[in-house]
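2 protein chains.
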Amino acid sequence: MRIAIAQLNYKIGDFAGNYAKIEKAIVEKAPLCDLIIFSELSLCGYYPMDLIDSADFIALQDETIAKLEKLTEDLKTSVVIGIIDKNKGRGKSYHNSLCLISKGKRLYTYDKRLLPVYNIFDEARHFAPGNKPGVTTFEGVKIGFLICEDGWAGEDNILYECNPVNDLSTLAVDLIISINGSPSNIGKQAERVKHFSPIAKRCHAPLLFINQVGGNDDIIFDGASFAVDAKGQLQGCMPSFQESVGTLAISNKQLTLNEEFKPYQAPTECELFYQQTILGLKDYVSKCGFQQVVLGLSGGIDSALTLVLAVKALGKQNVTALSMPARYSSKSSVDDAKALCDALGVTMIIAPIEEEFSLCLTQFEKNFKQKPSSLTEQNIQARLRGRILMEYSNQTGALVLSTGNKSELSVGYTTIYGDMTGGFNMIGDLYKTQVYELAKYYNQLHPEHAIPDAIIHKAPSAELAPNQKDADSLPEYDILDPILKLYIEGDLLPKAEQKQYQDKIQHLSKELILKVHKMVDNAEFKRRQSPPIIRVQRRAFGMGRQVPIAAIYPYPKG
Amino acid sequence: MRIAIAQLNYKIGDFAGNYAKIEKAIVEKAPLCDLIIFSELSLCGYYPMDLIDSADFIALQDETIAKLEKLTEDLKTSVVIGIIDKNKGRGKSYHNSLCLISKGKRLYTYDKRLLPVYNIFDEARHFAPGNKPGVTTFEGVKIGFLICEDGWAGEDNILYECNPVNDLSTLAVDLIISINGSPSNIGKQAERVKHFSPIAKRCHAPLLFINQVGGNDDIIFDGASFAVDAKGQLQGCMPSFQESVGTLAISNKQLTLNEEFKPYQAPTECELFYQQTILGLKDYVSKCGFQQVVLGLSGGIDSALTLVLAVKALGKQNVTALSMPARYSSKSSVDDAKALCDALGVTMIIAPIEEEFSLCLTQFEKNFKQKPSSLTEQNIQARLRGRILMEYSNQTGALVLSTGNKSELSVGYTTIYGDMTGGFNMIGDLYKTQVYELAKYYNQLHPEHAIPDAIIHKAPSAELAPNQKDADSLPEYDILDPILKLYIEGDLLPKAEQKQYQDKIQHLSKELILKVHKMVDNAEFKRRQSPPIIRVQRRAFGMGRQVPIAAIYPYPKG
Numbered sequence: 058m059r060i061a062i063a064q065l066n067y068k069i070g071d072f073a074g075n076y077a078k079i080e081k082a083i084v085e086k087a088p089l090c091d092l093i094i095f096s097e098l099s100l101c102g103y104y105p106m107d108l109i110d111s112a113d114f115i116a117l118q119d120e121t122i123a124k125l126e127k128l129t130e131d132l133k134t135s136v137v138i139g140i141i142d143k144n145k146g147r148g149k150s151y152h153n154s155l156c157l158i159s160k161g162k163r164l165y166t167y168d169k170r171l172l173p174v175y176n177i178f179d180e181a182r183h184f185a186p187g188n189k190p191g192v193t194t195f196e197g198v199k200i201g202f203l204i205c206e207d208g209w210a211g212e213d214n215i216l217y218e219c220n221p222v223n224d225l226s227t228l229a230v231d232l233i234i235s236i237n238g239s240p241s242n243i244g245k246q247a248e249r250v251k252h253f254s255p256i257a258k259r260c261h262a263p264l265l266f267i268n269q270v271g272g273n274d275d276i277i278f279d280g281a282s283f284a285v286d287a288k289g290q291l292q293g294c295m296p297s298f299q300e301s302v303g304t305l306a307i308s309n310k311q312l313t314l315n316e317e318f319k320p321y322q323a324p325t326e327c328e329l330f331y332q333q334t335i336l337g338l339k340d341y342v343s344k345c346g347f348q349q350v351v352l353g354l355s356g357g358i359d360s361a362l363t364l365v366l367a368v369k370a371l372g373k374q375n376v377t378a379l380s381m382p383a384r385y386s387s388k389s390s391v392d393d394a395k396a397l398c399d400a401l402g403v404t405m406i407i408a409p410i411e412e413e414f415s416l417c418l419t420q421f422e423k424n425f426k427q428k429p430s431s432l433t434e435q436n437i438q439a440r441l442r443g444r445i446l447m448e449y450s451n452q453t454g455a456l457v458l459s460t461g462n463k464s465e466l467s468v469g470y471t472t473i474y475g476d477m478t479g480g481f482n483m484i485g486d487l488y489k490t491q492v493y494e495l496a497k498y499y500n501q502l503h504p505e506h507a508i509p510d511a512i513i514h515k516a517p518s519a520e521l522a523p524n525q526k527d528a529d530s531l532p533e534y535d536i537l538d539p540i541l542k543l544y545i546e547g548d549l550l551p552k553a554e555q556k557q558y559q560d561k562i563q564h565l566s567k568e569l570i571l572k573v574h575k576m577v578d579n580a581e582f583k584r585r586q587s588p589p590i591i592r593v594q595r596r597a598f599g600m601g602r603q604v605p606i607a608a609i610y611p612y613p614k615g
Numbered sequence: 058m059r060i061a062i063a064q065l066n067y068k069i070g071d072f073a074g075n076y077a078k079i080e081k082a083i084v085e086k087a088p089l090c091d092l093i094i095f096s097e098l099s100l101c102g103y104y105p106m107d108l109i110d111s112a113d114f115i116a117l118q119d120e121t122i123a124k125l126e127k128l129t130e131d132l133k134t135s136v137v138i139g140i141i142d143k144n145k146g147r148g149k150s151y152h153n154s155l156c157l158i159s160k161g162k163r164l165y166t167y168d169k170r171l172l173p174v175y176n177i178f179d180e181a182r183h184f185a186p187g188n189k190p191g192v193t194t195f196e197g198v199k200i201g202f203l204i205c206e207d208g209w210a211g212e213d214n215i216l217y218e219c220n221p222v223n224d225l226s227t228l229a230v231d232l233i234i235s236i237n238g239s240p241s242n243i244g245k246q247a248e249r250v251k252h253f254s255p256i257a258k259r260c261h262a263p264l265l266f267i268n269q270v271g272g273n274d275d276i277i278f279d280g281a282s283f284a285v286d287a288k289g290q291l292q293g294c295m296p297s298f299q300e301s302v303g304t305l306a307i308s309n310k311q312l313t314l315n316e317e318f319k320p321y322q323a324p325t326e327c328e329l330f331y332q333q334t335i336l337g338l339k340d341y342v343s344k345c346g347f348q349q350v351v352l353g354l355s356g357g358i359d360s361a362l363t364l365v366l367a368v369k370a371l372g373k374q375n376v377t378a379l380s381m382p383a384r385y386s387s388k389s390s391v392d393d394a395k396a397l398c399d400a401l402g403v404t405m406i407i408a409p410i411e412e413e414f415s416l417c418l419t420q421f422e423k424n425f426k427q428k429p430s431s432l433t434e435q436n437i438q439a440r441l442r443g444r445i446l447m448e449y450s451n452q453t454g455a456l457v458l459s460t461g462n463k464s465e466l467s468v469g470y471t472t473i474y475g476d477m478t479g480g481f482n483m484i485g486d487l488y489k490t491q492v493y494e495l496a497k498y499y500n501q502l503h504p505e506h507a508i509p510d511a512i513i514h515k516a517p518s519a520e521l522a523p524n525q526k527d528a529d530s531l532p533e534y535d536i537l538d539p540i541l542k543l544y545i546e547g548d549l550l551p552k553a554e555q556k557q558y559q560d561k562i563q564h565l566s567k568e569l570i571l572k573v574h575k576m577v578d579n580a581e582f583k584r585r586q587s588p589p590i591i592r593v594q595r596r597a598f599g600m601g602r603q604v605p606i607a608a609i610y611p612y613p614k615g
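Chains as they are written, first to last, in our numbering: chain A, 58 to 615; chain B, 58 to 615.
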């Protein structure tokens with residue numbers, strides 16, 4: 058049997074657009090394959106959230122399925138595709154399903170049995186679990202089906218009542234097809250291979266893992282679909298972070314992969330961050346109907362990194378930088394920003410805020426009969442800049458990128474309505490130390506447009522008060538970041554990595570660690586008003602970390 | 058058996074504070090009762106979200122349970138209380154449980170069987186469902202237990218696989234105890250009585266419904282605990298929106314209620330809005346550690362209503378109003394605002410933005426070599442005001458209240474970082490027409506501090522452009538609001554009410570309705586950065602309505 062795997066980039070709810078992509082893949086590959094496989098919920102795009110509750114949404118999907126069925130009427134190629142299917146039994150109204158469509162008819166439907174409800178996932182909100190193993194015989198091949206989480210339970214995972222893999226292992230299948238909407242984050246592809254290879258081995262059947270690609274809001278899918286042989290050996294991966302349709306043949310449980318499949322090479326953290334943030338921005342901009350972005354360029358590392366990534370994602374002609382110096386901005390900051398923009402060929406507009414800032418201070422005294430505190434003064438400057446960015450956005454339709462990193466968003470070292478202003482944040486899931494790493498990685502890759510050394514080597518400063526340095530208010534980042542990493546994501550880290558971070562902070566006082574935890578907790582109100590942040594770590598702020606604001610957090614004791 | 062029902066106001070994660078309240082209720086009522094009952098997850102407060110995943114959180118709870126057990130050692134009074142209990146089986150690590158504690162020992166534990174995962178609820182994220190009916194015999198009384206959702210399934214509700222009420226109905230119980238963390242919204246108490254009264258009748262046993270009270274972020278609990286006799290007749294309700302401990306006796310399935318229980322009188326919509334927003338603000342302010350609030354008072358109805366409600370919640374000494382007129386502000390707007398503040402005894406600071414606005418316009422031309430568009434100009438004014446509110450907040454520690462209503466938040470007729478600025482929004486779940494209704498209701502209640510007629514009767518205007526009226530950009534609110542209501546909450550309305558709204562919009566063109574729907578969809582990016590909004594309707598923006606930003610929405614066809 059000749060099979061094609063389509064890892065495509067879907068837009069949520071864009072049934073016409075998604076169908077057009079799917080149709081194109083089918084028509085192109087029809088001469089080359091008997092079966093073409095698309096990813097989880099591919100017709101509607103993963104994950105549509107509460108749009109699923111809309112009858113119009115379902116009606117549009119069902120019309121699109123009918124179109125797809127019609128398309129296959131005269132084809133020799135059959136289709137496996139992820140859909141929302143009506144649940145006729147008890148529970149939520151729909152299943153997260155796949156169906157096998159052949160010659161105009163739906164031959165088989167399988168309903169996902171394990172519905173993830175943790176981290177960014179909330180599938181039990183919309184779907185009822187299926188209750189039957191996924192297995193059917195198609196053209197003489199006994200195929201076992203899994204939908205994403207179905208394959209993640211593992212033999213000793215007690216999170217679920219059943220394990221679909223156990224069932225498949227007793228059914229003597231010839232091939233396992235796993236369709237997925239599997240978001241990308243650090244270490245994810247290695248985990249996928251680690252989890253899914255033993256499934257193939259256990260079932261004595263090759264396994265195909267099909268994923269979607271592209272960014273949907275803050276969640277980025279990397280594709281990287283792969284094939285494992287019946288012995289559990291990874292045979293090849295399709296490209297990461299790009300659309301691709303790969304083809305292969307299976308005969309007597311033996312796979313023959315075509316050239317779209319390559320040996321897997323684990324990306325470094327920086328490679329992953331780089332690809333993921335670029336694709337994430339590109340897709341958010343295009344899927345929301347923007348063309349242009351604008352950002353404030355302070356001369357610091359965060360905005361410099363955001364700028365270079367945005368240029369890689371969108372092209373220099375679609376990125377504008379605003380330099381908005383005031384009295385505490387160092388001359389070098391503006392110069393460094395200018396040097397970077399010149400190297401990149403990006404338009405930089407200088408919009409000094411000094412005059413407005415002076416007027417604000419005067420007006421403040423008139424209005425409130427007192428002098429502004431240092432905190433007030435600092436925030437005024439950040440908010441003047443935020444407003445000017447929004448002026449540019451209102452005037453031109455450009456999307457404002459906010460440039461806060463995960464370290465400052467964690468501890469609240471950021472001004473709400475100031476530097477947090479923006480519709481999207483590329484680097485908000487990178488700790489400050491990772492921002493530096495990624496900047497260095499970028500510079501190696503693009504020495505011709507390098508971020509100037511001066512930006513990389515200056516001591517981090519918000520430049521909102523005389524001679525201000527981040528280190529005046531915060532621990533040094535190489536101390537702060539491990540504390541944050543363990544507090545925010547510690548439970549999700551592989552044991553060895555957890556230990557690494559613990560070793561880094563073990564010499565610190567409990568008081569310091571507690572102080573940082575409190576800063577994180579107290580800043581929840583700011584993060585609640587943050588724009589979407591491209592998710593790259595195992596746990597990002599947003600849906601992946603849902604905590605109350607008005608609460609006393611369970612600070613570690615003693 | 059003499060029973061006390063404690064409907065208390067808990068702070069999330071405040072084990073020490075919550076325990077102190079619980080202890081006080083027990084000690085006070087111990088001479089009067091054999092059993093005292095607390096609400097769902099009362100030790101930690103409902104709903105702690107992902108704090109449940111913290112080992113420290115669970116450890117603190119378990120220590121508190123141990124303290125509670127110790128407290129009962131020498132008491133004749135036993136305790137039923139909602140706790141997080143370890144799940145020893147498959148699935149999530151914990152159960153949402155209740156336990157019966159008597160003389161220092163935990164006699165019985167029941168695990169909630171139906172876990173809501175819809176609207177604001179996401180309990181399957183943290184809990185495994187129980188699988189046994191809740192029943193135990195205590196001092197000769199056979200008690201059946203339900204935890205909130207357990208009682209909501211109804212006989213014909215197919216959402217769940219099992220129905221705990223069916224089980225109780227076969228167990229010949231003498232009494233049903235239902236503990237709840239049941240949020241308040243329009244029509245909720247009537248629905249509770251409608252759902253739970255038949256349970257008592259069906260089981261031939263009286264039923265006690267115990268709820269918590271108070272605001273936790275945007276979700277407000279109204280208390281209103283009640284008792285139903287074995288025939289399914291409502292016997293009495295405890296107070297709404299206040300803490301109370303009620304006592305009653307049960308003998309041979311007959312209830313005798315003490316004076317804390319009153320006949321139930323359904324509140325009007327306005328009564329509910331009034332009580333709920335006031336309690337919501339009061340609790341958010343105190344639970345977050347604020348004392349003071351500040352808001353921008355435009356002379357329009359939204360900010361006027363927010364002001365009077367805030368004064369009722371916090372006292373005039375804790376509320377400051379800023380009037381921030383500019384060139385398009387009518388003189389009457391400032392005068393009306395002043396008149397209201399004078400009547401209330403609230404400090405109003407006048408902070409004109411005209412000078413800054415002029416400078417912004419000049420600077421804009423200098424920076425961007427063009428004149429600002431009308432949209433840009435309008436937003437500049439709103440954002441200057443937002444910044445000045447934040448200056449006051451930074452300087453004094455006052456919480457900024459944003460004053461947008463649900464109509465404008467729905468269609469995006471609001472400036473992000475401008476009038477959306479704030480840490481909390483009291484009226485953001487009220488449509489504009491409801492804002493007027495509530496203002497009139499308030500005026501009847503408090504004629505001495507009435508919102509001036511001039512504010513109520515002027516045509517709605519943002520006053521950001523010459524002679525601007527809301528009606529220039531939006532349909533009139535009596536047309537807009539029914540469209541919005543149906544689009545946002547239609548599926549949750551009782552049939553009759555749904556019909557009422559449909560009748561109101563049936564004469565409108567499909568184009569107009571579609572246009573409004575698109576406005577709602579396109580404004581999702583703004584709402585994502587909104588502060589918490591006190592929830593009063595069946596579906597509010599926030600966790601109750603989770604939709605993607607980068608999506609094509611399934612607009613109604615034709």
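Honestly, the hints are just simulated from the structure, not real lab data.
It is possible that part of the hints are untrue.
A pair counts as met if it fits within one copy or between any two copies, since identical chains are not told apart.
Claimed, not checked - In the DSSO-like style, the derived pairs of lysine-lysine whose C-alpha atoms are separated by at most 30 Å in a straight line are:
1. Lys-162 - Lys-552
2. Lys-133 - Lys-339
3. Lys-388 - Lys-428
4. Lys-189 - Lys-145
5. Lys-575 - Lys-162
6. Lys-127 - Lys-515
7. Lys-395 - Lys-526
8. Lys-81 - Lys-310
9. Lys-310 - Lys-395
10. Lys-497 - Lys-133
Structure-based check of each hint:
For the homomeric pair Lys-162 and Lys-552, neither the shortest alpha-carbon distance inside one copy (48 Å) nor that between copies (38 Å) is at most 30 Å. For a Cα distance limit of 30 Å, the shortest separation of Lys-133 from Lys-339 qualifies neither inside one copy, at 36 Å, nor across copies, at 67 Å. In this homomeric assembly, Lys-388 and Lys-428 come within 30 Å of each other (Cα to Cα) both inside a single copy, at 27 Å, and across copies, at 29 Å. In the homo-oligomer, the alpha carbons of Lys-189 and Lys-145 lie at most 30 Å apart both inside one protomer (14 Å) and across protomers (26 Å), since each shortest distance falls under that limit.
Neither within a single protomer nor between protomers do Lys-575 and Lys-162 lie at most 30 Å apart by alpha-carbon distance, with minima of 58 Å and 35 Å respectively. In this homomeric assembly, Lys-127 and Lys-515 never come within 30 Å of each other (Cα to Cα): the closest approach is 62 Å inside a single copy and 58 Å across copies. Within a single copy, Lys-395 and Lys-526 get their C-alpha atoms as close as 22 Å, which meets the 30 Å cut-off; across copies the closest is 43 Å, which misses it. Taking the shortest Cα distances, Lys-81 and Lys-310 sit within 30 Å of each other inside one copy (29 Å), while across copies they are farther apart (70 Å).
Taking the shortest alpha-carbon separations for Lys-310 and Lys-395, neither the intra-copy value of 60 Å nor the inter-copy value of 82 Å comes in at or below 30 Å. Taking the shortest alpha-carbon separations for Lys-497 and Lys-133, neither the intra-copy value of 51 Å nor the inter-copy value of 69 Å comes in at or below 30 Å.
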